[in-house]
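*Asks:* Chain by chain, the residues run as shown.
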Amino acid sequence: MDVYLPIANLSVNGLVIVALGALTGILSGMFGVGGGFLTTPLMIFYGIPPTVAAASAASQVTGASVSGVFAHSRRAGVDYQMGGVLVAGGFIGTLIGAGLFSLLQRLGQIDVVINLLYVLLLGGIGSIMARESWQTLRAQKTGVPLPARKRRHHPMVASLPLRWRFYRSGLYISPLAPLLLGMFTGVLTMLMGIGGGFVLVPAMLYILGMSANVVVGTSLFQILFVTMATTMMHALTTKAVDIVLAVLLLIGSVSGAQIGAQLAERLPAARLRFVLASLVLAIALSMALGLGWRPDEIYTVEAL
Amino acid sequence: MRVLIALLAFFALTGARDPILVPEVSQHEIQVRQGFTGTELLLFGAILTPDGTRAGQDYDIVVVLKGPTRSIILREKQRIAGIWVNADSTEFRSAPTFFAVASSRPIKQIVDDKTAAIYELGLPWLQLSPIGAYDPAEQARFSAGLVDLMQREGLYKEDSRGVRVSEQVLYQARIALPSSVQTGGYTAETFAISKGRVVASAISRVEVKKLGFERATALFAENYGFLYGLLAVAISIGMGFLAGRLFALV
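Order-wise, the sequence lines are chains U and Z.
Numbered continuously in the working numbering, the first sequence closes out at residue 304.
Numbered continuously in the working numbering, the second sequence closes out at residue 250.
In case anyone wonders, no lab produced these hints; they're calculated from the structure.
Incorrect hints may appear among the rest.
[Claimed, not checked] Distance windows between CB atoms, simulated:
#1 Ile96(U) with Asn223(Z): 22 to 28 Å
#2 Glu297(U) with Arg33(Z): 27 to 33 Å
#3 Ala248(Z) with Gly292(U): 44 to 50 Å
#4 Val113(U) with Ala248(Z): 39 to 45 Å
#5 Glu29(Z) with Ile96(U): 31 to 37 Å
#6 Ala248(Z) with Leu95(U): 32 to 38 Å
#7 Gly47(U) with Glu40(Z): 16 to 22 Å
#8 Arg163(U) with Ala248(Z): 35 to 41 Å
#9 Gly196(Z) with Gly47(U): 39 to 45 Å
#10 Ala303(U) with Ile80(Z): 24 to 30 Å
#11 Arg131(U) with Glu40(Z): 28 to 34 Å
[Claimed, not checked] List time: in silico PhoX-like cross-link candidates among lysine-lysine, alpha-carbon distance up to 25 Å:
#12 Lys77(Z) with Lys157(Z)
#13 Lys114(Z) with Lys239(U)
#14 Lys210(Z) with Lys66(Z)
#15 Lys210(Z) with Lys157(Z)
#16 Lys108(Z) with Lys77(Z)
#17 Lys239(U) with Lys209(Z)
Note that the Cβ used here is the ideal one computed from N, Cα and C, for glycine as well.
Build out the structure end to end from the sequences listed, making use of the hints.
*Replies:* This is the structure:
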């Protein structure tokens, strides 16, 4: 089924794009991450211009996180106060990201920076997750329970001035910490077209020390608003949001997300996390090797 | 006065011998709309003497289809500290978005390099108007890189057997346009060449344009970025919400 993309200026096989959306949707439903970290590189690999891919992937993440936010808010799994601070940081982050994006584009280093960021982030987060889930699996097998983790935020967070009470998260910390975290993910969203869920969730758990039952809901809440802001920012600055491409991706991802959420209930959580960690590490490794290998295209064209 | 007579005589004599070309294109307007996967243009025509009879002589025909030009930056990756990064770049003021040459014989056998360069007959003779790099070797490297890249994307092509001339009168060439062609005005220039000299040329025009929904979307995104962004956001939220509702029923 050939579909012509009016902004990307080329025709693609619509079914391939829907399948791509479904794949990332299933992942996002299963693991509570946006799945943008898979969509953007796969679309670029398929031949869609990188800017259009990054700009349109953001709206796909919006769609995939909407139903998640509703589901979590019904069972009081969203800390709106914390979410609000994160969103505010996220908005500032998208502004900074937009500036960085055009600066790097002018310097011609945008794709190198994006690839490096992917390798560092996916590699780092993947290793942490792999270690944690492996330990849990081992503990389950041997029957020796893991020592209970003392839920405490990072000492650097405690040293920040001005403290607020976040009741649902069970925290009494400075709002500057989540604000900075929000800004960081906002920049990532703008640069890489990802929601930043796979950065936010571990950071909320291990750096902020939020209680686990509000982490996924609150991170989805933040992702929802930040990806909306990113789509707007791209629509205003790069004008690279392809609405036809976004709709195709959405068809796949919103249904995939539902299927993924149902699958997640049936499969053991620790094993699931280990699978995701391996997947993330595999992508990071292939991208790391890709940096050193001779690329397929030595030359790239950019219109002035 | 003598010069004038000489000139008149020159034109009268050469004019009498030089043929005229009557070119035509199968489509003067290519419509890019939903389901557009590219198209094939048939460029055809006739070679006649000025009085409208058969020329009765073998001519070589070269057809050049050229898309709108644009300014580009061409970046070159190099390996620095083990990583491939964009290291060198050059700017071209007039890089065509599409360029296809079809000829009845390989260009090298039809004309010499000088003539080929003057009329832009063939990919090595593209007039890209480089700025920045003045070193000829460097310029040549960048142009070759661009041509190679665009060739593999199907946007630049050269077909040395692409033109068929039948009965010394009719010629025809087929040129395929991929779905990724830029919209705008295209020119199809036909050259009749005899003994290494261009004896006649004619231009016909082709317009590639987006129509209907595709045109509306492109214009909307370009002119009303804010509303377009809002629409994209609304669609994503709507679809996410809808899917949640639908699956809750199942």
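*Asks:* Checking each numbered hint in turn, tell me which of them this model violates, lowest number first.
*Replies:* Hint check: 5, 11, 13 and 16 fail, others pass.
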